Amino acid sequence: MKKYALWACSCLIATVCIAQEKVGNFAGGFESNAQWYQDDEGLNFTAPQDQLRSNNYFSLRYTYDKFTAGIQYELYAPNPLLGYFPGFKGNGISNYFVNFKHQGLDITAGNFYDQFGSGLVFRSWEDRQLGVDNSIRGIRVKYDFTDYLNATAFTGNQRTGFELSEGTLTGVNTEFNLGSVLKSDTGIDLGASYVQRYQESTSADVNFPATVGLYSARADLTFDSFFIGGEYVYKEEDAFVNNRQVFAGNYQDGRALLINTGYATKGLGINATFRAMENMTFFSDRDESANPFLQQTINYVPGYTKQQDYAVTNIYVYAPQAAVVPGEQKAGEIGGQIDVYYTADKDSFLGGKYGTKFEFNYANWSGLDATFDEPNNTYTAALLSRGEKYFEEYSFAVKKRFGENLSAIFTGVRTEYNGLIVEGKDFFLKGNSFIIDAQYKLTKGRSVRMDLQHLGADADRGNWAATTLEYSFSPFLSIYATDLYNYEETNRHYFSTGGSYTRGRTRVALNYGRQRGGLICVGGVCRFVPENTGLTINLATNF
Amino acid sequence: MKNLVLLLALVSFAFSTAQTELPNITLKDLKGNGVSLASLSKDKTIVVSLWATWCIPCIRELDVISEDYLKLQKEMGFELIAISVDDARSTRRVKPAVMGKGWDYLVLLDVNNQVRRHLGVTTVPLTLIMKDGKIKFRHSSFTPGAEDELFKKFKEIASN
Numbered sequence: 256m257k258k259y260a261l262w263a264c265s266c267l268i269a270t271v272c273i274a275q276e277k278v279g280n281f282a283g284g285f286e287s288n289a290q291w292y293q294d295d296e297g298l299n300f301t302a303p304q305d306q307l308r309s310n311n312y313f314s315l316r317y318t319y320d321k322f323t324a325g326i327q328y329e330l331y332a333p334n335p336l337l338g339y340f341p342g343f344k345g346n347g348i349s350n351y352f353v354n355f356k357h358q359g360l361d362i363t364a365g366n367f368y369d370q371f372g373s374g375l376v377f378r379s380w381e382d383r384q385l386g387v388d389n390s391i392r393g394i395r396v397k398y399d400f401t402d403y404l405n406a407t408a409f410t411g412n413q414r415t416g417f418e419l420s421e422g423t424l425t426g427v428n429t430e431f432n433l434g435s436v437l438k439s440d441t442g443i444d445l446g447a448s449y450v451q452r453y454q455e456s457t458s459a460d461v462n463f464p465a466t467v468g469l470y471s472a473r474a475d476l477t478f479d480s481f482f483i484g485g486e487y488v489y490k491e492e493d494a495f496v497n498n499r500q501v502f503a504g505n506y507q508d509g510r511a512l513l514i515n516t517g518y519a520t521k522g523l524g525i526n527a528t529f530r531a532m533e534n535m536t537f538f539s540d541r542d543e544s545a546n547p548f549l550q551q552t553i554n555y556v557p558g559y560t561k562q563q564d565y566a567v568t569n570i571y572v573y574a575p576q577a578a579v580v581p582g583e584q585k586a587g588e589i590g591g592q593i594d595v596y597y598t599a600d601k602d603s604f605l606g607g608k609y610g611t612k613f614e615f616n617y618a619n620w621s622g623l624d625a626t627f628d629e630p631n632n633t634y635t636a637a638l639l640s641r642g643e644k645y646f647e648e649y650s651f652a653v654k655k656r657f658g659e660n661l662s663a664i665f666t667g668v669r670t671e672y673n674g675l676i677v678e679g680k681d682f683f684l685k686g687n688s689f690i691i692d693a694q695y696k697l698t699k700g701r702s703v704r705m706d707l708q709h710l711g712a713d714a715d716r717g718n719w720a721a722t723t724l725e726y727s728f729s730p731f732l733s734i735y736a737t738d739l740y741n742y743e744e745t746n747r748h749y750f751s752t753g754g755s756y757t758r759g760r761t762r763v764a765l766n767y768g769r770q771r772g773g774l775i776c777v778g779g780v781c782r783f784v785p786e787n788t789g790l791t792i793n794l795a796t797n798f
Numbered sequence: 135m136k137n138l139v140l141l142l143a144l145v146s147f148a149f150s151t152a153q154t155e156l157p158n159i160t161l162k163d164l165k166g167n168g169v170s171l172a173s174l175s176k177d178k179t180i181v182v183s184l185w186a187t188w189c190i191p192c193i194r195e196l197d198v199i200s201e202d203y204l205k206l207q208k209e210m211g212f213e214l215i216a217i218s219v220d221d222a223r224s225t226r227r228v229k230p231a232v233m234g235k236g237w238d239y240l241v242l243l244d245v246n247n248q249v250r251r252h253l254g255v256t257t258v259p260l261t262l263i264m265k266d267g268k269i270k271f272r273h274s275s276f277t278p279g280a281e282d283e284l285f286k287k288f289k290e291i292a293s294n
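Protein sequences appear in the order of chains A and B. Numbering of the first sequence is given in my numbering, commencing with residue 256 and proceeding in unit increments. Numbering of the second sequence is given in my numbering, commencing with residue 135 and proceeding in unit increments.
To be clear, the hints were calculated from the coordinates, so they are not data collected in a lab. Owing to the predicted nature of the structure, the values given are computational and were not obtained by experimental measurement. Please note: incorrect hints may appear among the correct ones.
Said to hold, decoys possible - When the alpha-carbon atoms are kept at most 20 Å apart in a straight line, the in silico PhoX-like pairs for lysine-lysine are as follows:
#: 1; chain 1: B; residue 1: K287; chain 2: B; residue 2: K176
#: 2; chain 1: B; residue 1: K287; chain 2: B; residue 2: K265
#: 3; chain 1: A; residue 1: K321; chain 2: B; residue 2: K268
#: 4; chain 1: B; residue 1: K289; chain 2: B; residue 2: K270
#: 5; chain 1: A; residue 1: K699; chain 2: B; residue 2: K289
#: 6; chain 1: B; residue 1: K162; chain 2: A; residue 2: K438
As the list claims (entries may be wrong) - Among the chain A residues that face chain B by a calculated CB cut under 7 Å, a handful are:
#: 7; residue: G522
#: 8; residue: Y555
#: 9; residue: G759
#: 10; residue: N797
For glycine and all other residues, C-beta sits at the position ideal for the given N, C-alpha and C.
Take the sequences, apply the hints, and build the full model.
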């Protein structure tokens, strides 16, 4: 692999050097995330043997006329950061592609990312913070027949670590803009997709499904300020899998319905999403069902809840339940969320001198009302039925300015969280969070930000408090200190401090301390981190 | 070790050239119409901001610029295009959020992170100043006061 990597790189450089004699566009990026782990008795955290670990990504892309070629080299030295898929081990060329684009024709050979519709049947994507790169290596062809009709077809195998999936994926998708054909003021978009996985049968049973397909049909209507859309997905019968054991003779199909509607006019925006799904997990290797590293996922099933921004509101976060697990009484989920954005104008009663912004979100999720036959690992359920409550949340935020330089965000969140369903711990929690986040602008690009946070909860680890203090010397350099404190059950402090420097194409961040895990925002940038103790260095640059 | 040397060699080599353009693709606006990125800054100077509905610093930046947007447009021809990197989880929130906040920007949807990947950024906000299709300035965070720096740079680049 190493020899291959060296060979491929030298080849590319040689090609590029020659090509640069003419014209061409050359680009790339380098990102390194390193951490020096330290033992921490207070957290019961023991540093791994190789205390210093790093994830490094180096990508190059060259564009010449209608062609683009790219590679990505990844180095996990000596092991990937904690919490990452162990298959990210060692180093190598992880992705490569050549793309040709001309007059509506778009052909890619090699690794590619794409998404059909909302992603319910297919989405390949990369997220380095989450350790996900499920690009497909194969061939993809997209063609725009006209302004209003296009189609995509692909086939390939999915990336997992430095390897490829055993199952082969094939997909087709078409999108049709009926509104523009009818020259209608109303936007009418239609779409349909089919994605299948072929993986050799592991059973003597002639009915064992080696090929499993997902079908999607969808439509979106966009009026002046009102919009509505829906998608229905059917998944063919797939073998039931539990704990990597494939059950021949037990084949179950799945389905999902997604509806989205909203209203938006200047100053007021409303959005409502409803989704019901039953048995909607889909992996490029059927054995991989419910792996914790999100490897080999073919479809994308995000949690439709508000993505919270603060330490105390990120402790009890809902995770979507797409899988069938009769032993845990799970067959899918049903629920939705509503968002409202409202701005009170300047000089109005609510708006005051500078105007006030309001945000509201309500989310509610339950299991399907299903009957389980645990010994046989089967179930019966109706897609549009409600069973046990999984999660409910009200979030309310007010953004207000108090003068030329002072502004604040007041947030209140009411959460109900089923610990058994989401993380396998036997508790049902009700909690209330309150957060004040104030920012003061000083002169010459300097500013200071402070937040105070509290979560009062009646279960699990009880109450939490947190605070952050951040100082920016300029738009380029800032430092922070933060503490998250569980003052009821564990008496643990999660203290951390650090800073970041960003200039042009380069960003460097340094952090030291404990991390509980979740979304952390520093110097104006947010990223996701897993729980640990140590010194972290992040470097990202591109060219 | 050998790999590290190779990596450094590649980095230093690659720095000699530069990524200066947006990808040659078409993104949808909030009405569902396709907008070609290549022609966005043809014969003019614009600001492109990569943001997401879940990113507080991004919203703060766009809110603060929005307050004086009309005035900035008149005074120095300031124009901002906000590219949302929200994925399928939150992309449906973009239109209500933009309208509810009363922003007057052209908003485009980068649902599967094509622009983000092309520019090699993992974090948002990312703010670019573009002139005639070329990226002239790039900044990847927002703290209060950064908008003043942005306006200064914009003036400088637009008048050059």
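Okay, which hints does this one fail, numbers in order? Hints that this structure does not satisfy do not exist here, as all of them hold.
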